[in-house]
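Participant: One-letter residues, chain by chain:
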Amino acid sequence: MALSTSRRAINQFIKPLSSSVYATRRLTSDSTATITVETSLPFTAHNIDPPSRSITTSPNELMTFFSDMAEMRRMEIAADSLYKAKLIRGFCHLYDGQEAVAVGMESAITRKDCIITAYRDHCIFLGRGGTLLESFAELMGRKEGCSRGKGGSMHFYKKEGGFYGGHGIVGAQVPLGIGLAFAQKYSKEEYVTFAMYGDGAANQGQLFEALNMAALWDLPAILVCENNHYGMGTAEWRAAKSPAYYKRGDYVPGLKVDGMDVFAVKQACKFAKEHALKNGPIILEMDTYRYHGHSMSDPGSTYRTRDEISGVRQERDPIERIRKLILAHDIATEKELKDIEKEKRKIVDEAIAKAKESPMPDPSELFTNVYVKGFGVEACGADRKEVRATLP
Amino acid sequence: NMNQFLLGSRVFASRSFSSAAKEMTVRDALNSALDEEMSADPKVFIMGEEVGEYQGAYKITKGLLDKYGPERVLDTPITEAGFAGIGVGAAYHGLKPIIEFMTFNFSMQAIDHIINSAAKSNYMSAGQISVPIVFRGPNGAAAGVGAQHSQCYAAWYGACPGLKVLAPYSSEDARGLLKSAIRDPDPVVFLENELLYGESFPVSAECFDSSFSLPIGKAKASSCFLSLFLGKDVTITAFSKMVGYALKAAEILAKEGITAEVINLRSIRPLDRPTINASVRKTNRLVTVEEGFPQHGVGAEICASVVEESFEYLDAPVERISGADVPMPYAANLERMAVPQIEDIVRAAKRACYRAAKSVPMAAAA
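Keeping their order, the protein sequence lines are chains A and B.
According to full-length UniProt numbering, the residues represented by the first sequence are 1 to 392, in order.
According to full-length UniProt numbering, the residues represented by the second sequence are 1 to 366, in order.
Because the hints were derived from the structure by calculation, they are not lab data.
Take the hints with a grain of salt, since some may be wrong.
Take a look, some chain A residues computed to stay more than 12 Å from chain B by CB distance [as the list claims (entries may be wrong)]:
(1) K143
(2) T302
(3) T333
(4) A353
(5) K385
Covered stretches of chain A, going by a simulated chain B footprint (3 or more residues, C-beta under 8 Å) [claimed, not checked]:
(6) 32-45
(7) 173-179
We treat Cβ as the ideally placed atom computed from N, Cα and C, and that holds for glycine.
Using the sequences plus the hints, can you model the full thing?
Facilitator: Here is the structure:
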């Protein structure tokens, strides 16, 4: 494995520089030195002039991207094992393959900008300031979970980090996100909301209802379609008459972005934020891919070939792309990068161990948070003569 | 004479509040409540169809656009799922939206947001995401509007933990409960009634105060004057328009020597079980009245509650009066049969008191 990686790294130098590595090189180890990178593909635009393919970055940023994505990758793979060990129950929708979207978006915005997504939310949560412990504990339904064990995989939230969940109903998060943008504009904040959804949700009527209002009222809403090409088990061409999701906004401009290229994502999100603050909604279609099936109940191989999955892994993996860039710019050695990945494994394992020690919620928690203000009314359990509680 | 005494009983009862009984329509009560709460808290805004330039489909929001501007009184397209979702999202972010459904029949288009996005969020997030939103609008039957425009949603919304569901009857109810709803940090479904909007009620002096509010979760027991002295024979629970019918039924019953305690529920969720049970323990008989469908209705819940809490006190089976178990017909005579009438409540109360003639159910050919 190591050999082929280094061979690939060598090939980068021998071959004419492929699109993702075109750069001006600075032979300095200054971690804030600027490096100019080009996105792997140009942006495809609808009703708008696309941003430039050229992006400035720094060794620091490259290393941060690598580190963040590696941590997300490791977290999701560990969640897979925990689910198979039956420590995670119910639904578990994994994000591995799509890390560039979460990391690229985060790097372009602040914590006062809002993000809302559906149920494939673990990595977005991490990007918004959530911890591995909060994540694993929530997945396992423990007290130290971000929702104190009461939400589960699909209901992670971090309000102080600008993350509004975590939603189980496909498409519902889009009007909610446009509502967040409404509140931002109402309060005269100079911040935006990124409302994320998949290619499956892109056909939902309520999305168009809310988008219409966002456009009518010039709301600072950015709709981000994470197009991983499969809505559950249905391929996009079987679900959408027009799978050009970036065009579906019609009067709303759109941009198609290589979602496996963290720099393209960063550039697009930066561009979209500037646009939305001045001109109202815009759609970003992130062309991405999930290695896992829709959820842990779906092997993910009945509706797509293993060759397709491994092909994407080889050609477009977001972490590999950054690794190549880092090596090409002599920012770190292969060993150093491998050490980072080992470190990620370690902190993930530690978080899991700590999460396993976290107790399940106290039985009294069954009745907490039903209301903010319960007026002391009574709620009951399955046998109302046995289990009763007063709602605070 | 006795009849005049009885007819004047309602006015007499309200005399205890002020010497000159002031009156207010339900419409004005709602409008003034909206106005005052918007004035007091800049985070409150109104969103819905025709709420702005049209002055409200039923004129409940009249004058508010002029006063507060288009940023706080928003006319929406006819897209309930979209604007209900936008409202909930705005509430997530800390604003206090009032979402108007032109009737609650259209709320079904948005019901996923009311239940899954609003009601459950505080719980799922363990208190991180609260939703201080009010969904309001006319509920239940109007007159001649047919099956798709006449359903009562009290039972459905009343079943959901995380929601508060209110149903005002009088102007004082409307004003006090709407103010409480807007100030409440949780999602509130506020069920008004189109036919009550134009009705005028005497209101107390304190009702006019901008800080006036009525508590959520508390029912109001009232009786006609006679019952105060002659004891109580039967409890009649009702909400919204049916309270008026129940009070009229109580007057008719009083002439026949049956004194009824009418309970204006005001709050469907939380249901004021203590007040209902205390009343039944006094009267030993219960008639529940609602406009909505009978199966799994509000009356069914009240009956279950009373059987669980006060079984030994019941001297007769609980009687339920409800809308008919059919979609609402249009023809006036059929519509009349599909909705409770005052005589239905009287008859049921008499049955509960073992004073009715043996009833022969009308044969139905299905």
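Participant: Could you run down the list of hints and mark each one as holding or not?
Facilitator: Verification of the hints:
no. : hint    : result
1   : K143    : violated (10 Å)
2   : T302    : holds (29 Å)
3   : T333    : holds (42 Å)
4   : A353    : holds (23 Å)
5   : K385    : violated (8 Å)
6   : 32-45   : violated (count 0)
7   : 173-179 : holds (count 6)
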